[in-house]
Amino acid sequence: MSPFLTDRVIEVIYLVTTVLFIFSLQWMSAPSSARRGVLAGEIGMLLAIGGTLLHRGIIDYRPVVIALVAGSIIGVPLGLVHMTAVPQRTALSHAFGAFAVALVGSAEYYLRAPGVSPFMMSVLAAEVILGSLTFTGSLMAAGKLQEILPQRPITYKGQNIVNLGLLAIAVAIAVELVMHPERKFLFPLIIALPLLFGVLMIVPIGGADMPTVISLLNSYAGLSAAAMGFVLDSKLLIVAGALDGSSGFILSVIMSKAMNRSFTNVLFGAFGQVQPSAGAATQERPVRSATAEEAAAILSAANTVVIVPGYGMAVAQAQHKVRELYDALTKRGVDVKFGIHPVAGRMPGHMNVLLAEADIPYDKLLDMDAINPDFPQTDVALIIGANDVTNPAARNDPSSPIYGMPILDVDKARTVMVIKRSLSPGFAGVDNPLYYLDKTLMLFGDAKAFVGDIVRELGGEHR
Amino acid sequence: MPSDLITSLYVFVLAGFVGFQVIRRVSPLLHTPLMSLTNALDAIAVVGAIVIAGEHKSTLSTVLGTLAVIAATSNVVGGFLITDRMLRMFKESRPRK
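Going line by line, the protein sequences match chains A and B. Residues in the first sequence are numbered consecutively from 1, following my numbering. Residues in the second sequence are numbered consecutively from 1001, following my numbering.
Please note that the accuracy of each hint is not assured.
Far from chain B, by Cβ distances over 10 Å, these chain A residues were calculated [what the hints assert, rightly or not]:
no.: 1; residue: 8
no.: 2; residue: 35
no.: 3; residue: 72
no.: 4; residue: 108
no.: 5; residue: 114
no.: 6; residue: 115
no.: 7; residue: 155
no.: 8; residue: 178
no.: 9; residue: 349
no.: 10; residue: 364
no.: 11; residue: 439
no.: 12; residue: 446
EDC-like, lysine to aspartate or glutamate: derived pairs with alpha carbons at most 16 Å apart [what the hints assert, rightly or not]:
no.: 13; chain 1: B; residue 1: 1057; chain 2: A; residue 2: 60
no.: 14; chain 1: A; residue 1: 439; chain 2: A; residue 2: 457
no.: 15; chain 1: B; residue 1: 1091; chain 2: A; residue 2: 411
no.: 16; chain 1: A; residue 1: 364; chain 2: B; residue 2: 1055
no.: 17; chain 1: A; residue 1: 448; chain 2: A; residue 2: 363
no.: 18; chain 1: B; residue 1: 1091; chain 2: A; residue 2: 327
Quick caveat, the hints were computed from the structure, so don't treat them as lab data. Just so you know, even glycine gets a beta-carbon here, dropped at the ideal spot from N, CA and C.
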């Protein structure tokens, strides 16, 4: 093939890949077509990589082949992690993606400098700054999710000023480079400062904010890849980066709304800390508690049950027991559904994956807006390991720190049952008035053990 | 500003709009696989890295390019693999007889 023809072939292949990528996301809209979406993405990726190998600029295939093989070897275990570890895996892959982008940006700068046009230098700087801060930020997030690093937010006075100041200095240096691209000694600074910023950005963020943070990092990773597309003049990369960037952005907005955080809060990396606990004035109030036997009797007499799982359920590894409960109740003709709050779990949609893994049919998993109108007609709302997302104070107590946060209206069900170790408050450090309602039964104990006991009681009546 | 950069900006803006419209329709049920899929697609950066790794223009660029190919490829392989594993788990309840 003539070089000219090869170039054209590669262009066409990239165009086909772009179309396949858009279809891939389009097909993700429903579970029935989603796997087709993955296939479309895989075909597009293979075509693009194959086409790129035809590139006549490549004169030495050894590093390319070695790197492709090594990357695949690293990728396989990352694709086989346990479902509870998916959030940290995702954070890690944001880090890898951003790492690749920052490296390519650096390589491009040193190959091109000093002959870099102002526009080119601007996108190069954007690529490297975004890539670097996303790299360390994602590593920090992965560390916190994996619980290697303390999940407690670490804050100090003037933190925002220090962090934003650091970023501002990096941007100022980038502007200097745009005007004087030959000043090569400045370039390492627009890598080092954002690397540091990425670490400091995640330090003040606690475990409960991870769904927002991970979405935001997703968005940054996408934008840095789009910037790389500008540098390499690759429309395919620009499209992929823009798709990833807008996806992360939409998820950040959904998560921030579900956490009752403002939009600027999202843009500035969820800098707002978890509000201090509102003077935990937990006076002794009577609660009603029940045994597994009583709970089983109430559940089996119900017509409709909505189970509200929170991350506590996943921590207790109770999802398979919950599935047994679902089976036992369904067998008795009880209509069982699941009400999923957007921030249940450690990343967007995490709870759905955990329940799907336990073989609970996805048409029984309903998001907050879909399930809330059902609560007034629900006999029993069973809350397992969730707290703040069920707190009615968010709806009717303007003095509550979580006031305004959208919640699951479990208090509208006829009976509420809460499986919980103790009356301790949740992430936000807010007392939950739900526990003191007359219709609420507290089931004190470990989620897995307690659900197991209920299942045993339900099975026992057959004998 | 050269005209190809203007074209790139158009592509970026339009792709962002397409992304917005397409992603908005993804059910919250699938937000986790969505993120791992976009992550894998984003690793298309591997095509840029491959060229830099293979061009052999300088030792530095070859080393940086090679590392970038490794990082991006692991995202491609791991991302598609885990997305498909997750999606395989989503099953509909069988209609009752």
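Structure-based check of all given hints:
Its beta-carbon lying about 16 Å from the closest one in chain B, residue 8(A) satisfies the requirement of being farther than 10 Å from that chain. Non-interface call for residue 35(A) relative to chain B: violated, since the shortest CB-CB distance, roughly 5 Å, does not exceed 10 Å. Some Cβ of chain B comes within 10 Å of the Cβ of residue 72(A); the nearest lies about 5 Å off, and the non-interface call is violated. Here residue 108(A) does not stay apart from chain B, with its beta-carbon only about 7 Å from theirs, under the 10 Å limit.
Distance check for residue 114(A) against chain B: the nearest CB is about 15 Å away, which clears 10 Å, and the non-interface claim stands. Every CB of chain B lies more than 10 Å from the CB of residue 115(A), the least distance being 14 Å, so the non-interface label holds. Interface exclusion of residue 155(A) from chain B stands, the closest Cβ pair being 27 Å apart, more than 10 Å. Every beta carbon of chain B lies more than 10 Å from that of residue 178(A), the smallest distance being close to 13 Å; the non-interface claim holds.
Residue placement check: residue 349(A) does not keep its beta carbon more than 10 Å from all beta carbons of chain B (closest about 3 Å). For residue 364(A), the condition that its CB be more than 10 Å from all CB atoms of chain B is violated, with the nearest at approximately 6 Å. Distance check for residue 439(A) against chain B: the nearest CB is about 28 Å away, which clears 10 Å, and the non-interface claim stands. Chain B leaves residue 446(A) outside its interface by the beta-carbon criterion, the shortest separation being 25 Å against a cut-off of 10 Å.
Under the criterion of a C-alpha separation no larger than 16 Å, the hint pairing residue 1057(B) with residue 60(A) is consistent with the structure, at around 10 Å. For the hint linking residue 439(A) to residue 457(A), the alpha-carbon distance of about 22 Å lies beyond 16 Å, and the restraint is violated. Restraint check for residue 1091(B) and residue 411(A): not satisfied, since their Cα atoms lie roughly 30 Å apart, outside the 16 Å limit. Only pairs whose Cα atoms come within 16 Å are accepted, and residue 364(A) paired with residue 1055(B) is rejected, the gap being roughly 53 Å.
Proximity of residue 448(A) to residue 363(A) is assessed by CA-CA distance (about 24 Å); at most 16 Å being required, the pair is judged violated. The straight-line distance between the Cα atoms of residue 1091(B) and residue 327(A) is roughly 15 Å, inside the 16 Å bound, and the hint therefore holds.
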